[in-house]
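Protein chains: 2
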Amino acid sequence: AAAHDGAAATEPFPLAELRLRRVLRESARDKAVFLHGEVRGGGGEGTDAVVILEKTPFQEEKVLELLKKHTKLELQMRNDIYSTYHLYPPPELSEIKTTVVYPATEKHLQKYLRQEVRLIRETWEDYKNITLPFIQSQSFSIQWVYNILEKKAEADRIIHENPDPCNGFVLVPDFKWNQNQVCLLLLPWKRSCLSEGNPEEMPLNDSSEAVAKRFGVPGSQLRVYLHYQPSYYHLHVHFTALGYDAPGSSVERAHLLADVIDNLAMDSMYYQKRALTFALRADELLLKKFQEAGRV
Amino acid sequence: AAAHDGAAATEPFPLAELRLRRVLRESARDKAVFLHGEVRGGGGEGTDAVVILEKTPFQEEKVLELLKKHTKLELQMRNDIYSTYHLYPPPELSEIKTTVVYPATEKHLQKYLRQEVRLIRETWEDYKNITLPFIQSQSFSIQWVYNILEKKAEADRIIHENPDPCNGFVLVPDFKWNQNQVCLLLLPWKRSCLSEGNPEEMPLNDSSEAVAKRFGVPGSQLRVYLHYQPSYYHLHVHFTALGYDAPGSSVERAHLLADVIDNLAMDSMYYQKRALTFALRADELLLKKFQEAGRV
Chain A
3 AAAHDGAAAT
13 EPFPLAELRL
23 RRVLRESARD
33 KAVFLHGEVR
43 GGGGEGTDAV
53 VILEKTPFQE
63 EKVLELLKKH
73 TKLELQMRND
83 IYSTYHLYPP
93 PELSEIKTTV
103 VYPATEKHLQ
113 KYLRQEVRLI
123 RETWEDYKNI
133 TLPFIQSQSF
143 SIQWVYNILE
153 KKAEADRIIH
163 ENPDPCNGFV
173 LVPDFKWNQN
183 QVCLLLLPWK
193 RSCLSEGNPE
203 EMPLNDSSEA
213 VAKRFGVPGS
223 QLRVYLHYQP
233 SYYHLHVHFT
243 ALGYDAPGSS
253 VERAHLLADV
263 IDNLAMDSMY
273 YQKRALTFAL
283 RADELLLKKF
293 QEAGRV
Chain B
3 AAAHDGAAAT
13 EPFPLAELRL
23 RRVLRESARD
33 KAVFLHGEVR
43 GGGGEGTDAV
53 VILEKTPFQE
63 EKVLELLKKH
73 TKLELQMRND
83 IYSTYHLYPP
93 PELSEIKTTV
103 VYPATEKHLQ
113 KYLRQEVRLI
123 RETWEDYKNI
133 TLPFIQSQSF
143 SIQWVYNILE
153 KKAEADRIIH
163 ENPDPCNGFV
173 LVPDFKWNQN
183 QVCLLLLPWK
193 RSCLSEGNPE
203 EMPLNDSSEA
213 VAKRFGVPGS
223 QLRVYLHYQP
233 SYYHLHVHFT
243 ALGYDAPGSS
253 VERAHLLADV
263 IDNLAMDSMY
273 YQKRALTFAL
283 RADELLLKKF
293 QEAGRV
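If you read the sequences in order, they're chains A and B.
Start counting the first sequence at 3; every next residue gets the next number (the numbering used here).
Start counting the second sequence at 3; every next residue gets the next number (the numbering used here).
If we strip away everything but chain A, and leave its shape as in the complex, we get (with noise of 0.2 Å):
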């Protein structure tokens, strides 16, 4: 191992040996792809790696140079108006940032791994039997959020609050927060449960203008939306600049906040009535539940 160590702190990264031993993940919206691969030393022991690619984004003073300096052409369809080809740039033209680490432990091959990904048709049926059994059942632990209610963590990091015991809530950046994107969280006091929320009494105008003034986007750039399933048990809401692309945003996950305030509005009854999709990892225990019960 000391071995290792002195040559990976010295030598360059031995990429054209490397042994592959399988893709991890991919990612085609980010063109990015996650690899675990294998050093052999001398000795023919080898050394596990994680060698991540990613695809750099266009730079605009090299655009010109890309569209004169292409090596191929190639029309791949065309119709009407519209055609597409595949370009072939010269290498100085086209590098990719590559991430390795090494030598890399189980845990952080484990971190980059894909899990498989599926979506659940909840019922309300389904929510009753299985979804809410299970969330009773562990253990959550959500201190971090009382934390934050009880200004014992990130009382200098609040943007705003309402000390209405009953409909208060605090208003703070979002541990994903990055200056231009505006991830915040609204933390109502009451301990609710997404379920048995009331979203309809969330002070929606109130805390919209709190973030405009304190981050200058005006309300209508701001999407406002809950998650189901939500990353933790405590009624909260996300707030992300509109420009921005955010994870989480997907209708599989997000909903915004105004439509969940029409529905309760039109039909109190109506999440009893309405099944929700969510998406769940391979590795996690709810899929288990839902597979057990024979609803997927």
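Hint data in this document are derived by calculation from the structure and do not stem from the laboratory.
Hints are all accurate, no fakes.
Since copy identity is lost for identical chains, a pair holds within one copy or between any two.
The calculated lysine-lysine pairs, modelled on DSSO-like cross-linking and capped at a C-alpha distance of 30 Å, are: (1) 130 to 113; (2) 130 to 109; (3) 99 to 71; (4) 154 to 74; (5) 154 to 215; (6) 99 to 70; (7) 99 to 74; (8) 113 to 64; (9) 64 to 74; (10) 154 to 109.
Place chain B on chain A using the hints.
What follows is chain B alone, placed relative to chain A:
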């Protein structure tokens, strides 16, 4: 115009001679760039073109080749077990998907130009008084849709079809389709608009099975949805792999087909009672109509 049409139909697009006018938009997340270019004719007159360059997802079967055949590997950063490099692949392993709209009108240029975006909450009254008259007043050309339905274009790309004159449909890859993503459209033969369409009559199982069979993606891993507002007014459905974080699958635009069907089954007047949220760019005429009506 006749000369353009003839040229466009037979010759490859003269990419290397393109004069770059400006970058309309770029997406660092998607590794895509949208260009406004100009093609000079023999007489010196210019014709506008939109050229979209998008890096392609990695193909699993070619990853090993990429590791072996890279032309150069440059170290960028090293810290403990982590290091990053720039890898320069040979041309044949770094294709760029190129989409050309030529000749392009001012409308096409505007479509791809980056614009500020804002949310609209459209009530049924708004739809009747603002949106519907607007759609009817526009003469959007959807000739390319009819070309597909009448097999004048893309006939060899059809994945599945149901020839029923009333509820029949055609399943074809989307323009934006890439090998691992499964973006598809389902185009019903009936020349209907979303608001007048009857999604509940769509043979969803039939088409999901066809997609599953062709691409090896099970139905439980398909995100099946409509867009509102759609990009063209002929009822169509999007299919994307759940693992692919597809643009256009955001909660402010996508509506799961299963939700739409359930809502209509619960109350056939559901969409006449409920407001719908969608985003409009600052330059869209429909936004101006909402502004004139004092609704935003």
